[in-house]
Amino acid sequence: MSAGVRMTAPGSAPLLEVEDLTMRFGMVTAAEGETVTLSPGEFVGIVGPNGAGKTTFLNLVTGYLRPQRGRIRFQGRDITGMRPAEIVTLGIGRSFQIPQLFLSLTVLENVLVALAAAEGRTLRPGDPLHRPERARAGLEVLQRFALADDAERPASALPEGGRKLLDIAMAFALRPRLLLMDEPTSGVSAEEKFVVMDTLVPVLRAAGVTAVFVEHDLEVVRRYAGRVLVLDAGRIVADGPPDAVLAPRSEA
Amino acid sequence: MNREASAVPPEAVPVARATGRPAAPAGRLLLLGLLAALLLLGWGLPRWLNFLLTLALAKGLVVLGLVLLMRAGLVSFGQGLFFAAAAYAAAFAIKLWGVREAFLLLPLGMAAAAALAVLTGLLAARYRAIFFAMLTLAFSMVLYGLLIKAYPLTGGSDGLRVAVPTVLGYAPDPQRARVLVYYLAVGAVAAAVSLVRRQAGSCFGYLTQAIRDNEVRVEYLGVPVRRAVLAVYLEGAVLAGAGGVLAALAVGHVDPNLAYWTTSGEFVFIALLGGAEGVLAPLAGAVLYEVVKAYAFKYTPYAWQMVMGLVMLPIILFLPSGLWAPLERRWLRVRE
Numbered sequence: 012m013s014a015g016v017r018m019t020a021p022g023s024a025p026l027l028e029v030e031d032l033t034m035r036f037g038m039v040t041a042a043e044g045e046t047v048t049l050s051p052g053e054f055v056g057i058v059g060p061n062g063a064g065k066t067t068f069l070n071l072v073t074g075y076l077r078p079q080r081g082r083i084r085f086q087g088r089d090i091t092g093m094r095p096a097e098i099v100t101l102g103i104g105r106s107f108q109i110p111q112l113f114l115s116l117t118v119l120e121n122v123l124v125a126l127a128a129a130e131g132r133t134l135r136p137g138d139p140l141h142r143p144e145r146a147r148a149g150l151e152v153l154q155r156f157a158l159a160d161d162a163e164r165p166a167s168a169l170p171e172g173g174r175k176l177l178d179i180a181m182a183f184a185l186r187p188r189l190l191l192m193d194e195p196t197s198g199v200s201a202e203e204k205f206v207v208m209d210t211l212v213p214v215l216r217a218a219g220v221t222a223v224f225v226e227h228d229l230e231v232v233r234r235y236a237g238r239v240l241v242l243d244a245g246r247i248v249a250d251g252p253p254d255a256v257l258a259p260r261s262e263a
Numbered sequence: 046m047n048r049e050a051s052a053v054p055p056e057a058v059p060v061a062r063a064t065g066r067p068a069a070p071a072g073r074l075l076l077l078g079l080l081a082a083l084l085l086l087g088w089g090l091p092r093w094l095n096f097l098l099t100l101a102l103a104k105g106l107v108v109l110g111l112v113l114l115m116r117a118g119l120v121s122f123g124q125g126l127f128f129a130a131a132a133y134a135a136a137f138a139i140k141l142w143g144v145r146e147a148f149l150l151l152p153l154g155m156a157a158a159a160a161l162a163v164l165t166g167l168l169a170a171r172y173r174a175i176f177f178a179m180l181t182l183a184f185s186m187v188l189y190g191l192l193i194k195a196y197p198l199t200g201g202s203d204g205l206r207v208a209v210p211t212v213l214g215y216a217p218d219p220q221r222a223r224v225l226v227y228y229l230a231v232g233a234v235a236a237a238v239s240l241v242r243r244q245a246g247s248c249f250g251y252l253t254q255a256i257r258d259n260e261v262r263v264e265y266l267g268v269p270v271r272r273a274v275l276a277v278y279l280e281g282a283v284l285a286g287a288g289g290v291l292a293a294l295a296v297g298h299v300d301p302n303l304a305y306w307t308t309s310g311e312f313v314f315i316a317l318l319g320g321a322e323g324v325l326a327p328l329a330g331a332v333l334y335e336v337v338k339a340y341a342f343k344y345t346p347y348a349w350q351m352v353m354g355l356v357m358l359p360i361i362l363f364l365p366s367g368l369w370a371p372l373e374r375r376w377l378r379v380r381e
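Listed in order, the protein sequences are those of chains A and B.
Heads up, the working numbering is the position in the first sequence plus 11, with the first residue counted as 1.
Heads up, the working numbering is the position in the second sequence plus 45, with the first residue counted as 1.
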């Protein structure tokens, strides 16, 4: 991490620069010349029809897929072709459309493992996971995500909305500078959607996390995103504030 | 992947918690009591039972390491590789360099196992499930082949004699040496048990469980999964190495069968018999296995494998988490 290059004062330099990103799976084009720059503090919604390449975009940026063409720079550093574990330690977190949890552990333990990972201590056989300071920090994270009451329950006992939040809480526990969220409100009932977002967004803003979220519900995007990227067939076909990019409310 | 993970049966949840938390004082007391019993048994036992127990403890060490792998979701069908490599390392040291000190032979065997684990682990850590199992099996069979063919060095299928060891410079007569090796095994097991118990509640212990649950998430926590798998693999190998040296000293002989797949299969058998959780299950499983095998061998010398199979069948059918594990869960369970 010491090699990370900070070119200018934070706030002015771009956080993420994606250039000409291209990925094809056989005949399917999942990304085609995607070029976009994110600044610190932005809240960006990604919308588009199924198969437009929204998840592929997250997979490419986090190193799960290696792009066939193009470059990705994070805080000025080229991260193209790095493995997810390496990219995550540089400060990019990610949550998943289907929550990726440790279902045999408790809700708290899920976050504690994330905290231990953030400390770089997961390979230590002598460091108790439930160390008091760590447990306190873990509970604090759960409190912010309204999961503290479920701390001692097995993660497998959480309802879908809780799983979504825990999934994001684990990524958040790593203190990322950039958080990429894949459909944070999918699989959650219509009323619960705003509850999830109302819990999430203030926490991320308070921590100064730059966020990108894939979302199908345009109402959610309109309300929480400051900028919208529209993807279609792997191309960024629109990029701008929600009012300018999305159709007027009556048509939505 | 997520679908699969949610198929974990509900009873698996308290299991994870019981193995994860630091044990209650009652658990520690039980363990100390068992240790005291093992120490006392060193004097009173008849020779054959002393030998049987030593062998069971040696194999218990191997299975303890195997169980660590199983908690990370990996089953090795090739722990015989490390068991045999360490046993032969000890035999070579005695034969070639005249080293007879048990406290040198033990770390030497463990180091040999560790070196082999780094070599094979770089490849094995890339694979999972049946592919991992088959690869480990293949590695062990390669060693078996080498041991059989390298006759001038290894004595081929006859194997090598392992002389009576000295202990801290003391050269006992063979009868006393047997008891000393037993105590060496008890000491090694006590050390291993305390380390493994400490690890269960540690960051690393939870990480292995996390890897079994969901590797994608582990990677996205910034932890290179392969390195963690390699670490558990190495740990299992070192424990198997310790077991191998102790078995060689107890038997007084090594032969290629130590690396044969049936030996590795025996370790998996014991792991299933005892149950893949806790720290005592593998040891209890090993003792039970050796006792059943001894009697099966005595009364049905030509069909003892069938008897073992008949013992295993109801356990797999009715006690899928093993014989000992449900007891251990009750006694050593943590309450806060």
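It is worth saying that the hints were derived from the structure and are not from the lab.
This one's a predicted model, so the numbers in the text were calculated from it and none came from an experiment.
Hints may contain errors.
To be verified - Some chain A residues near chain B, calculated using beta-carbon distances under 7 Å:
no.: 1; residue: PHE36
no.: 2; residue: ARG88
no.: 3; residue: THR91
no.: 4; residue: MET93
no.: 5; residue: VAL99
no.: 6; residue: GLN108
no.: 7; residue: ALA127
no.: 8; residue: VAL212
Said to hold, decoys possible - To give a feel for the contact side, a few chain A residues facing chain B, derived at Cβ under 8 Å:
no.: 9; residue: THR66
no.: 10; residue: GLU120
no.: 11; residue: GLY137
no.: 12; residue: GLN154
C-beta: ideal position from N, C-alpha, C; glycine also.
Results for each hint:
1. PHE36: 19 Å, violated
2. ARG88: 16 Å, violated
3. THR91: At 18 Å from the nearest chain B Cβ, A/THR91 fails the 7 Å test, so the hint is violated.
4. MET93: 11 Å, violated
5. VAL99: 4 Å, holds
6. GLN108: 10 Å, violated
7. ALA127: 4 Å, holds
8. VAL212: The hint is violated - A/VAL212 has no Cβ within 7 Å of chain B, the shortest such distance being about 21 Å.
9. THR66: 13 Å, violated
10. GLU120: 6 Å, holds
11. GLY137: 6 Å, holds
12. GLN154: Cβ of A/GLN154 sits 20 Å from chain B, so the hint is violated.
Of the hints listed earlier, those the structure fails to meet are numbers 1, 2, 3, 4, 6, 8, 9, 12, in rising order.
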